[in-house]
Amino acid sequence: MVKSLYPVTRRELIRRSSLAAVGLAAAPLIDGTRSASAQGGVELVFWDSLFIEDEAIPIDQWFITQAIDRFQSEFPDIRINRVAQSSDIATYDQILQAANLASNGPDVLTHFAGGGILSFAQFLEPLDQYFSPEERDKVTGWDSVREDFKPDGAIVAIPYGAGSYFEVLYNRDLMQQAGIDPETQEWPATWEALLELAQGIKDAGGNPFAIGEQQGYTGAWVMATLVGGQIGTEGFFGMRAGTVPLNDPSMITGYEQYKQPFDRQFVNGGAGSLTNDEGQQLFVRGEGAMLIQGGWFNRAAVEALGEKVGTFPIPTLADAPHAGAIAGGPNVSLGIMNYSEHKPEAVEFLKFLLRSEILDLYVSLGQEEASNHKDADISVIQNPLLRSQAEWLQTRETIYPFDNIMPQVINDLFYRTNASVFTGRVSPEEAANELQSEYQDVLAKQ
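Residue numbers (the numbering used here): 2 to 447.
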């Protein structure tokens, strides 16, 4: 999640969550992998911008390097040449687009599920023929990688991991100081109840929310929940298709509610000028009872606060048709380029990565998201916040977020608009109308 013309995207934050950026784009990863041409067999070129770990972790302990080692041990005639790509989405997309037009890109690539990967659908190999119905039934998240988000659209990538879901983290000690017993408290099931809880914390002399909303990311997570609760994932798909306007009443209602914490002074000073990272730091320093965030921050939250931190989903509006639904979904996807000369081997690699035990390794090492395999081993989840989220997914409807679905140019405007609405510089109606006008221009150029 890039600066200047392209703000750092929400989905990059999901993967990085304040980790150091990768090095230069298209720089080969030095991991002991040798060219297969010197050994016989096939070399798959794998462009990877998402399986990035903290630089403090030795590279041979990263999930992706361990997975590649296991794959190459089982398939010694297939070598994986992993090329580390920039985690700056704008840079990556420019490099990928140029390579695709010249048909000299990778065999396999990572990209964000949803709008990210689908924007390159014309260069991706449809995977329907390679995965049987039985294989697909073992994995969830296929709707995020179907062309044009259509139920019968071609599958152009595999969804990897259950993804991240948006939540409210809370500090147990600060709740107790506000007279709220975190052991007996019934956590808010509606947005309105969440605002009431915040009012009680404020009345007790506390700061209800630690927020840094300069980049508009909190707005993305809140709007996914408040708007999605009204119109569901299908409503967001309709917005992408142009059949539901972006200034739909649900967007205006969502914006009106999203700005309430700022209007009612439930947030720290400077909330509109601080970055999301700075808001996170306020929370871990105990300067806010609650933090609106997502599963990508679970590990850091537990490392900083231990048993002091708890979680509940961002709640929907009280009268929402999709009340109780959780916004979020798959973050990572992997696809095969349709110009690859090694499609059978590339399919073998994707099927290997989708094995339940490899996904369990991904979950175990990352502790940031659950597995999307139906045979997942839940016991590998050690992070208590992630464990709670995995339990939510067993019973609750999920909503795929607006900015996972819309084109990047609209997301860029969305983030900027969110920050302006939050602090009152732009009205909800003006914000929704601007988004609609911009998207009409986008559709007209297609």
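These aren't lab readings, by the way, just hints derived from the structure by calculation. Incorrect hints may appear among the rest.
Unchecked claim - Taking lysine-lysine and the DSBU-like style, the derived pairs with C-alpha atoms no more than 30 Å apart in a straight line are:
no. : residue 1 : residue 2
1   : Lys-375   : Lys-151
2   : Lys-446   : Lys-151
3   : Lys-375   : Lys-344
4   : Lys-151   : Lys-139
5   : Lys-375   : Lys-352
6   : Lys-309   : Lys-203
7   : Lys-151   : Lys-352
8   : Lys-446   : Lys-139
9   : Lys-139   : Lys-375
10  : Lys-309   : Lys-139
11  : Lys-151   : Lys-309
What the hints assert, rightly or not - Quick list of the computed label-pair ranges, beta carbon to beta carbon:
no. : residue 1 : residue 2 : range
12  : Ala-305   : Glu-392   : 17 to 27 Å
13  : Ser-380   : Glu-136   : 35 to 45 Å
14  : Pro-127   : Gly-271   : 41 to 51 Å
15  : Glu-342   : Ala-305   : 22 to 32 Å
As the structure is a prediction and not an experimental result, all values here were calculated from the model. We put the beta carbon where it would ideally sit given N, CA and C, even for glycine.
Right, here's what the structure says about each hint:
no.: 1; hint: Lys-375 <-> Lys-151; result: holds, 23 Å
no.: 2; hint: Lys-446 <-> Lys-151; result: holds, 21 Å
no.: 3; hint: Lys-375 <-> Lys-344; result: holds, 26 Å
no.: 4; hint: Lys-151 <-> Lys-139; result: holds, 20 Å
no.: 5; hint: Lys-375 <-> Lys-352; result: holds, 15 Å
no.: 6; hint: Lys-309 <-> Lys-203; result: holds, 20 Å
no.: 7; hint: Lys-151 <-> Lys-352; result: holds, 23 Å
no.: 8; hint: Lys-446 <-> Lys-139; result: violated, 39 Å
no.: 9; hint: Lys-139 <-> Lys-375; result: holds, 5 Å
no.: 10; hint: Lys-309 <-> Lys-139; result: violated, 36 Å
no.: 11; hint: Lys-151 <-> Lys-309; result: violated, 43 Å
no.: 12; hint: Ala-305 <-> Glu-392: 17 to 27 Å; result: holds, 23 Å
no.: 13; hint: Ser-380 <-> Glu-136: 35 to 45 Å; result: violated, 24 Å
no.: 14; hint: Pro-127 <-> Gly-271: 41 to 51 Å; result: holds, 49 Å
no.: 15; hint: Glu-342 <-> Ala-305: 22 to 32 Å; result: violated, 48 Å
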